[in-house]
Amino acid sequence: AQSVTQLDSQVPVFEEAPVELRCNYSSSVSVYLFWYVQYPNQGLQLLLKYLSGSTLVKGINGFEAEFNKSQTSFHLRKPSVHISDTAEYFCAVMRSSGSARQLTFGSGTQLTVLP
Amino acid sequence: GAGVSQSPSNKVTEKGKDVELRCDPISGHTALYWYRQSLGQGLEFLIYFQGNSAPDKSGLPSDRFSAERTGGSVSTLTIQRTQQEDSAVYLCASSLPGGSEQFFGPGTRLTVL
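Going down the list, the sequences are from chains A and B. Residue numbering for the first sequence follows our numbering, starting at 292 and increasing by one per position. Residue numbering for the second sequence follows our numbering, starting at 27 and increasing by one per position.
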């Protein structure tokens, strides 16, 4: 079984400041890692994913994340946030092999960008 | 280039009634997933369809929940004898065969009074 922990439920940050949203996972098998964003009253949108290769992954809207296997972490970063980045962010994992392809999500981090 | 669509967008029902929620996946996506998003439980997997294989029902919370996928496309999630704890947003997602990215619909907000 897999589990995902997002350590911060809420992160307030001022506009143009950097931000890091933390994610740790636990799994007995190899997994793929994802960050999704959910704007108010909308579905989930993929920000970025790690499947293999370079541990630094770049996504949409200027976000990036780094996979750290030894620390089982996949933290999301942005060097300078905008008001429009205010949303809920979900870290998720998926088994990289086998027939079970469902996502296991963390509890989410509400990012609020203040003017 | 239509995305995943779900209907209705909102559903209010009385405790004990049955409800049906519909999902139209992206054309060509053979994998279809249902998730539930609620305040107390976060985002939970419910059921997964892949082509003609038997669905993975391991996330369904009780036997009041069932889902079908007709013709390998549209899916219906049915909740019988609804309870107040069933109130949540039900999200549908689809993906290409063997694909890692799941594309999500806007969800159906279910309120059980």
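The hints are simulated quantities; they were obtained by calculation from the structure and are not laboratory data. Note that the structure is a prediction, hence the values are computed from the model and not measured. Any given hint might turn out to be false.
Claimed, not checked - Distance ranges between label pairs, derived from CB positions: (1) B:ARG107 to A:GLU357: 41 to 49 angstroms; (2) A:LEU342 to B:GLY98: 23 to 31 angstroms; (3) B:LEU122 to A:GLN333: 33 to 41 angstroms; (4) A:ALA391 to B:GLY66: 40 to 48 angstroms; (5) B:SER88 to A:ALA391: 46 to 54 angstroms; (6) A:GLU311 to B:SER64: 42 to 50 angstroms; (7) A:SER300 to B:THR137: 48 to 56 angstroms; (8) B:GLU111 to A:GLU311: 45 to 53 angstroms; (9) B:VAL38 to A:PRO309: 41 to 49 angstroms; (10) A:GLU357 to B:PRO34: 15 to 23 angstroms; (11) B:LYS43 to A:ASN332: 39 to 47 angstroms; (12) B:GLY85 to A:LEU342: 18 to 26 angstroms; (13) A:SER390 to B:ASP89: 18 to 26 angstroms.
Unchecked claim - Where chain B lies over chain A, by a calculated footprint (3+ residues, C-beta under 8 angstroms): (14) 294 to 308; (15) 370 to 379.
Claimed, not checked - On the chain B side, residues computed to face chain A include the following (Cβ under 7 angstroms): (16) SER64; (17) GLY68; (18) LEU69; (19) TYR74; (20) GLY77; (21) ALA80; (22) PHE91; (23) PRO123; (24) GLU127; (25) PHE130.
All residues carry an ideal CB built from backbone N, CA and C; glycine is no exception.
Structure-based check of each hint:
Here the CB-CB span from B:ARG107 to A:GLU357 is close to 47 angstroms, well matched to the stated 41 to 49 angstroms. Here the CB-CB span from A:LEU342 to B:GLY98 is close to 26 angstroms, well matched to the stated 23 to 31 angstroms. Distance hint check: the CB atoms of B:LEU122 and A:GLN333 are about 22 angstroms apart, inconsistent with the given range 33 to 41 angstroms. For the hinted restraint 40 to 48 angstroms between A:ALA391 and B:GLY66, the CB-CB distance of approximately 24 angstroms leaves it violated.
Remark: the range hint 46 to 54 angstroms for B:SER88 to A:ALA391 is contradicted by a beta-carbon distance near 21 angstroms. Our hint of 42 to 50 angstroms for A:GLU311 and B:SER64 is violated, since their Cβ atoms are close to 27 angstroms apart. Hint check: A:SER300 to B:THR137, Cβ distance near 24 angstroms, so the stated range 48 to 56 angstroms is violated. The beta-carbon spacing between B:GLU111 and A:GLU311, approximately 35 angstroms, falls outside the hinted interval of 45 to 53 angstroms.
Between B:VAL38 and A:PRO309 the CB atoms are about 42 angstroms apart, so this pair conforms to the stated range of 41 to 49 angstroms. Remark: the range hint 15 to 23 angstroms for A:GLU357 to B:PRO34 is contradicted by a beta-carbon distance near 41 angstroms. The hint said 39 to 47 angstroms for the Cβ distance between B:LYS43 and A:ASN332, and at roughly 25 angstroms that hint is violated. Checking the proposed 18 to 26 angstroms range against B:GLY85 and A:LEU342 shows it holds: the Cβ atoms sit about 23 angstroms from each other.
The hinted range of 18 to 26 angstroms is satisfied by A:SER390 and B:ASP89, whose Cβ atoms lie roughly 23 angstroms apart. Against chain B, the region 294 to 308 of chain A contributes 0 residues with a C-beta closer than 8 angstroms to a partner C-beta. That does not satisfy the three-residue criterion, and the hint is violated. With 0 residues bearing a CB less than 8 angstroms from a CB of chain B, the region 370 to 379 of chain A misses the requirement of three and the coverage assertion fails. Against a cut-off of 7 angstroms between C-beta atoms, the interface hint on B:SER64 is violated, since the closest Cβ of chain A lies about 12 angstroms away.
Interface restraint check for B:GLY68: the shortest CB-CB distance to chain A comes to about 5 angstroms, inside 7 angstroms, so the restraint holds. A distance limit of 7 angstroms between C-beta atoms decides the matter here; for B:LEU69 the minimum to chain A is near 4 angstroms, and the interface restraint holds. Proximity of B:TYR74 to chain A holds as hinted, the smallest CB-CB distance being about 5 angstroms (cut-off 7 angstroms). With a cut of 7 angstroms, the hint placing B:GLY77 at the interface with chain A is violated, because the nearest CB-to-CB distance is about 11 angstroms.
Interface hint status for B:ALA80: violated, as the beta-carbon distance to the closest one in chain A is roughly 10 angstroms, over 7 angstroms. Residue-level restraint check for B:PHE91 is violated (minimum Cβ-Cβ distance to chain A is 15 angstroms; threshold 7 angstroms). Given the 7 angstroms rule on beta carbons, the hint for B:PRO123 is violated: about 10 angstroms separates it from the nearest Cβ of chain A. Hint status for B:GLU127 relative to chain A: holds, with the closest Cβ pair at about 6 angstroms, below 7 angstroms.
At a threshold of 7 angstroms, the smallest CB-CB gap from B:PHE130 to chain A is about 4 angstroms, leaving the interface hint in force.
Figure legend: structure checked against the earlier numbered hints; hints not met, in rising order: 3, 4, 5, 6, 7, 8, 10, 11, 14, 15, 16, 20, 21, 22, 23.
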